[in-house]
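Q: Take a look at the letters that make up each chain.
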Amino acid sequence: MSAPEEVANTGLASATALRRFAPLLLLAAVLAVLCVLGFELRPYHRELAIVFFINVIMVTSYRLITTTGDWSFAHVVLMGAGSYGAALIAKHAGLPFGVVVPMAGITAAIVGAAFIIPLLRTAGFGFFIASFAMGELVRLIWVKVQFPFGGTRGIINIPSPEIVGLRLSPPVPFYFTCFIVMLAAVFIMWRLDRSRIGNAWKSIHSDDLLAECVGIDVARYRSLAFITGAFFAGIAGALLAYRMGSIDPRNFDLTTMIYLIIWVVVGGTTTFWGPIVGLVVVTIAFEWSRPLLEWRPLMFGGVLIFFLIFLPGGLESLFPKVGNALRTPPGQQFQRLRTWFTTFASRT
Amino acid sequence: MSLLEVRKLSKRFGGLLAISDLDMTVEEGEIRGIIGPNGAGKTTLFNVISGTHKPTSGDVFLNGDKLTGLRPSRIAGKGGVRTFQRSAMFSDFTVLENVSIARHLHARESLFGAIVGTARGMEKANEGRALEILEFIGLTAFKDELAPNLSHGHQRALGVAMALATEPHILMLDEPVAGMNPAETERMTDIIRKLRDEWNITILLVEHDMKTVMGLCESITVLNFGKKLAEGVPAEIVSNPEVIEAYLGSEDILGDDDFAA
Ligand SMILES: Nc1ncnc2c1ncn2[C@@H]1O[C@H](COP(=O)(O)OP(=O)(O)O)[C@@H](O)[C@H]1O
Ligand SMILES: [Mg+2]
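These protein sequence lines are chains A and B, in that order. Numbered according to the numbering used here, the first sequence spans residues 1 to 348. Numbered according to the numbering used here, the second sequence spans residues 1 to 261.
Relax, there's no trap hidden among the hints.
Pairs of lysine-lysine, DSSO-like flavour, derived with a Cα cap of 27 Å:
{"no.": "1", "chain 1": "B", "residue 1": "Lys143", "chain 2": "B", "residue 2": "Lys124"}
{"no.": "2", "chain 1": "B", "residue 1": "Lys54", "chain 2": "B", "residue 2": "Lys228"}
{"no.": "3", "chain 1": "B", "residue 1": "Lys78", "chain 2": "A", "residue 2": "Lys202"}
{"no.": "4", "chain 1": "B", "residue 1": "Lys143", "chain 2": "A", "residue 2": "Lys321"}
{"no.": "5", "chain 1": "B", "residue 1": "Lys227", "chain 2": "B", "residue 2": "Lys211"}
{"no.": "6", "chain 1": "A", "residue 1": "Lys202", "chain 2": "B", "residue 2": "Lys143"}
{"no.": "7", "chain 1": "A", "residue 1": "Lys202", "chain 2": "B", "residue 2": "Lys124"}
{"no.": "8", "chain 1": "A", "residue 1": "Lys202", "chain 2": "B", "residue 2": "Lys54"}
{"no.": "9", "chain 1": "B", "residue 1": "Lys78", "chain 2": "B", "residue 2": "Lys54"}
{"no.": "10", "chain 1": "B", "residue 1": "Lys124", "chain 2": "B", "residue 2": "Lys194"}
{"no.": "11", "chain 1": "B", "residue 1": "Lys78", "chain 2": "B", "residue 2": "Lys8"}
No wet-lab data here; the hints were simulated from the structure.
Okay, chain A solo, but in the shape it has when bound (with noise of 0.2 Å):
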């Protein structure tokens, strides 16, 4: 092989191993910055980047439930089941946070499981006005019966977070604690997401029909989806109980679950990151317009407007347009944004 030959190679191969390991990298870093932040954030942000670290996990269990095409409206009142047995666990058994988190996961997905039988029957829009009817009867159950659920003022009292004599509650433990549990959380998910069973879910969303008949069960996989997006609910909500030490069903409510929406419909549902970066991207703008409190519904439902109008893929639909653009010499980009603006100006 000649010299220059051989420079050309490595350059290549240095190329494509950079693009293998740029996510990785990418990740890695992530990981040490959220690490660095556990020590060195301010007790308000802290607090944030904890409300963060639950909410990824909501996100990312919603849009596990939406690959087979099941968009629910009640996944909020699932992670309400998880908060609302791990409290009842915590207060009465007594038992510590490493056996009360699985057993508020296993309670939401036993609530899912309930849930999706009958939802089973139903598909689109009749699932999500189903599965809004189903969360919303829960939520009435927690408000009118007292023992053991405490009506409207809920659960007080929660006891603190211990594992083996540990206190977690202190903000930098307790942060770490719902940061590792998030990447647990977050990486078995992932894992589910690129597996035989992922596919399945995805291949029910293409074509139910045609799912069927080359032997998927599909009602067998759309309650695996749905009961396994409850359980982490369900984590998440252990999670939430435990930060705040009461819970009453207004934790629970409408408005939690359109803010669910709103940072998955931002982000984009058919990539894994899609949900977690419409959930970065909208907390940032919510800490920006904090001034502007009274507007934020209609700044939020405006939001939720343009994306499904003008970016229904949500921003992750953007990743490939940007990876291309970077890509593109800056002349082709030009005339690039020359052809769309022409286009776009004959549109209108």
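With the hints as your guide, set chain B with the ligands onto chain A.
A: Using the frame of chain A, we list chain B with the ligands on its own:
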């Protein structure tokens, strides 16, 4: 015992009897043609046998097992698989992924296995089999193409490949050569014959293209308004006056154009 037995089968859609009191048996190793004018109930028959629709009355047996009331996935597990008259595929996936997903029955994965990744070896074997099927169908060159990017003829072929991925005993093909050019039609005809001769798959073939049907089938069932009009070897069918009558008085049922609709 016959491989497939359809007993007193009826399917009603509101006021319309799409299948009416149909009896039919198919022996192992047959290529059975099912013909009839548009709306005769051919696709509905496949829908009912494969479990996509529940029959209004009557039963279907495969190898003596009652299929009636089972979901399509269960029936596929017992070896009864159908293709669709439309081009059906998983649009977000490549050709190879489509066939791999269709190997679901032979690649069960537990939740735990999916998370820790214990199924690597099984997935390798599966992909090997999927590639074999693509090679046989003639889609190897397109394996990494997204399924919707295939030409119409290739999409139809992919439908057959996905059905084969389930390893069926009896394969129900709903107009497999519809919209194909003559070369593609010839290829598909060859494939169907090999499926029976070399893969030992029994074939039920719904097809409008008479040349294909006459060339492939040893026996033919003719449906009209959901009823069995005639059954027999191709020569009998072609000369049956009732069959000719059903096809709008066409003189010669081999006159292709009358069946193009
Ligand atoms: N899902 C359905 N709902 C109502 N009517 C249907 C349905 N499927 C088929 N039919 C009717 O049943 C009859 C038989 O249709 P089909 O089996 O598709 O005919 P073929 O495949 O022989 O052309 C037609 O009159 C059709 O309109
Ligand atoms: Mg038809």
